[in-house]
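Chains A and B are the protein sequences, given in the same order. To convert, take the position in the first sequence, counting from 1, and add 41; that gives this note's numbering. To convert, take the position in the second sequence, counting from 1, and add 7; that gives this note's numbering.
Each hint should be verified, as a subset may be incorrect.
[What the hints assert, rightly or not] Cross-link-like lysine-lysine pairs, in silico, BS3-like; alpha carbons within 27 Å at most:
| id | chain 1 | residue 1 | chain 2 | residue 2 |
| --- | --- | --- | --- | --- |
| 1 | B | K162 | A | K70 |
| 2 | A | K70 | B | K150 |
| 3 | A | K108 | B | K254 |
In case anyone wonders, no lab produced these hints; they're calculated from the structure. Remember, predicted model here, so these are calculated numbers, not experimental data.
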Amino acid sequence: MTFPRTHSLVFWLLALTCAGQAGTTVYQKPSEFIRAACGGTLPPTNSLPLSAAHQARIKRLLGHSYKPSRVRYWISGTRLVVILDEIGKTQPITAGFVVSGGRLEQVKVLIYRESIGSEVRRTSFTNQFKGATLGGSGKLSRRINNIAGATLSVRALTELTRLALYLDKVRPK
Amino acid sequence: MSEERSRKRRRFWGSRRWHRYLGAVFALPLLWLCITGLLLQHQDDLGLDERRVKSEWLLKQYDQIPEGEPQFAKAGRFTVAEWGGVLFLGGKVLEESGTLVGVVAKPAELVVATSEEVFVYDAQGTYLDRLGEESLPGVPIEKVGLDDAGRVVLKIDGERHALSDDVLVHEAVSENGAVSWSVIKTGGAERGALQEALVEGAGFTWSRVITDLHSGSLLGKVGRLMVDMTGVAVIVVTLFGIRLVFKRT
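All chains, please: the whole structure from these sequences, using the hints.
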């Protein structure tokens, strides 16, 4: 069977078009992050229903309301552990947050689905968030340096950090 | 002999020869750039940023239409479909995605199970809750159903696990209890409506296609390389043209 030259050309053009599209990268399973943050065990799951007042405040932090309208979180001592999702450019970034006493202890990118901008997973970037608190105006107490080429992912993580700090503030204690 | 060789060399490197051949080879790509450039320049007047692309081939190039056939499952008055990982509820595209495993309807909630996650919606279709790997007894989920007590039951790794009413806690349950499992059907009957929903949701207009045609991105690296080469060729042809003008004078 002969394969016409034009078909072969179209095939290679399409193959090259599709090349370079990245898939999902799981850096750490969310359950493993929670276990690591909670001393090796998975504590009972709690749920915070987001009321209209919560969503109005979240809208100012994220620029939009948070979906889903219930947020799951885990408590270990005084620490809140929460897994949050936010769209970077077109795909959601899943990140784990540990907050204690209104201060961010840890942020880690767990699942990254975008084709570019995965530099936000590096500890040199995420360490900038350590110790950050949420000001009255909804801004972080620390200035976060941008990463060239990963602006939208940086923005998404900064917004999620604000949300995690807000959730620690409003969760039942 | 050497004079013959130098004449041949002069002819090979001559401006006229290169001007002619480069012009002939890159005439079509240059025409392509000119036409797409003009279209982009007048995209507002032509309404290119409003006209939606309906060509199935083009939409597939941009991954706007998934491969294969859509699958769907019904629960109560709800129909949930999945096509290439995109989920649809009542014909509308959901932001959540995954491989559909099944759907069950509780009195006030709809539970959609994908192989890796479970999504909970209220009776109006508002997204309420998400159970990821951290909230499930394991993944992948094989089946989802409702038991006699109205609890959501998941089949994972051959074992059954029931979710509490608030879907915060799960427990292993016996294999013997009756469970009404959700059934997934494959069919192309809704394909047209789903494709329309995808096209509407994507807001995919001709403006983007023309932009990618102009930059060559529509054909990937090869297209971009061709546009680069055309640009360089135009510069070279112009320089040779200028040289020829001065030679003649």
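Each hint, compared with the structure:
A C-alpha spacing of about 21 Å is found between B:K162 and A:K70, which places the hinted pair at or below 27 Å, so the restraint holds. Our distance criterion of 27 Å between C-alpha atoms is met by A:K70 and B:K150, whose separation comes to about 22 Å. The suggested pairing of A:K108 with B:K254 is violated, with an alpha-carbon distance near 71 Å, which exceeds 27 Å.
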